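Trainee: Sequence:
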Amino acid sequence: MNIYVSNLSFAVTDEDLRSYFADYGEVTSAKVIMDRYTNRSKGFGFVEMSDDEAAKKAIAELDGATVDGRSIKVSVAKPREERTSKPAYSNSNSRW
Numbered sequence: 001m002n003i004y005v006s007n008l009s010f011a012v013t014d015e016d017l018r019s020y021f022a023d024y025g026e027v028t029s030a031k032v033i034m035d036r037y038t039n040r041s042k043g044f045g046f047v048e049m050s051d052d053e054a055a056k057k058a059i060a061e062l063d064g065a066t067v068d069g070r071s072i073k074v075s076v077a078k079p080r081e082e083r084t085s086k087p088a089y090s091n092s093n094s095r096w
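In this note's numbering, the protein residues as written are 1 to 96.
Simulated from the structure, these hints should not be mistaken for lab results.
Source: prediction; values computed, not measured.
Ideal Cβ positions, reconstructed from N, Cα and C, are used throughout, including at glycine.
Hints should not be assumed to be uniformly reliable.
[What the hints assert, rightly or not] Restraint-style ranges between C-beta atoms, simulated for each label pair: (1) E53 x T84: 29 to 39 Å; (2) S19 x A60: 13 to 23 Å; (3) E82 x A11: 26 to 36 Å; (4) T84 x K56: 27 to 37 Å; (5) T84 x E26: 34 to 44 Å; (6) T84 x D51: 33 to 43 Å; (7) G64 x T84: 29 to 39 Å; (8) R36 x S75: 20 to 30 Å; (9) D63 x K31: 15 to 25 Å; (10) S9 x S75: 11 to 21 Å; (11) S19 x E82: 28 to 38 Å; (12) A22 x V76: 14 to 24 Å; (13) A22 x T66: 13 to 23 Å; (14) T66 x K42: 11 to 21 Å.
Input sequences plus hints: build the corresponding full structure.
Mentor: This is the structure we're talking about:
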């Protein structure tokens with residue numbers, strides 16, 4: 001099960017995120033999302049757990065928990081939506 005974790009402290013690392021969920025079961029991956037330009041945390045991440053029941057328990061118990069002075073939000077991750085790319089400049093509607 002893929003889990004979305006938000007309102008993370010900017011100091012939280014992938015390993016920290018993994019350790020928060022390890023008490024509930026096997027964590028197959030943990031990733032804090034970083035800004036590609038500043039290389040700073042965006043304040044959210046994703047955790048994958050192999051056992052759905054363990055993941056549900058982790059969500060129930062960690063949602064609203066205080067981590068590094070911040071109340072984190074934990075929920076089931078929604079599937080990623082496809083992005084449509086928009087051209088930076090389009091001349092198709094120009095009358096000239």
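Trainee: Please go over all the hints and tell whether each is borne out by the structure.
Mentor: Do the hints match the structure? See the list:
1. Take E53 and T84: their Cβ atoms lie about 37 Å apart, and the range 29 to 39 Å holds.
2. Range check, S19 to A60: about 18 Å between beta-carbon atoms, so the 13 to 23 Å window is met.
3. For the pair E82 and A11, the supplied restraint of 26 to 36 Å holds, since their beta-carbon distance comes to about 32 Å.
4. The hinted window of 27 to 37 Å between T84 and K56 holds, with their beta carbons roughly 33 Å apart.
5. For T84 and E26, the hinted distance range of 34 to 44 Å is satisfied, since their beta carbons lie about 36 Å from each other.
6. Between T84 and D51 the Cβ separation comes to about 36 Å, which falls inside the hinted range of 33 to 43 Å.
7. Hint check: G64 to T84, Cβ distance near 35 Å, so the stated range 29 to 39 Å holds.
8. Remark: the range hint 20 to 30 Å for R36 to S75 is upheld by a beta-carbon distance near 24 Å.
9. Between D63 and K31 the CB atoms are about 19 Å apart, so this pair conforms to the stated range of 15 to 25 Å.
10. In this structure the supplied range 11 to 21 Å holds for S9 paired with S75, their Cβ-Cβ distance being about 18 Å.
11. As the Cβ distance of S19 to E82 is approximately 33 Å, the hint placing it in 28 to 38 Å holds.
12. Evaluation of the 14 to 24 Å hint for A22 and V76 yields a pass: the beta carbon distance comes to about 19 Å.
13. Between A22 and T66, the C-beta spacing of about 18 Å keeps the proposed range 13 to 23 Å intact.
14. The hinted range of 11 to 21 Å is satisfied by T66 and K42, whose Cβ atoms lie roughly 20 Å apart.
Of the numbered hints stated above, none is contradicted by the structure.
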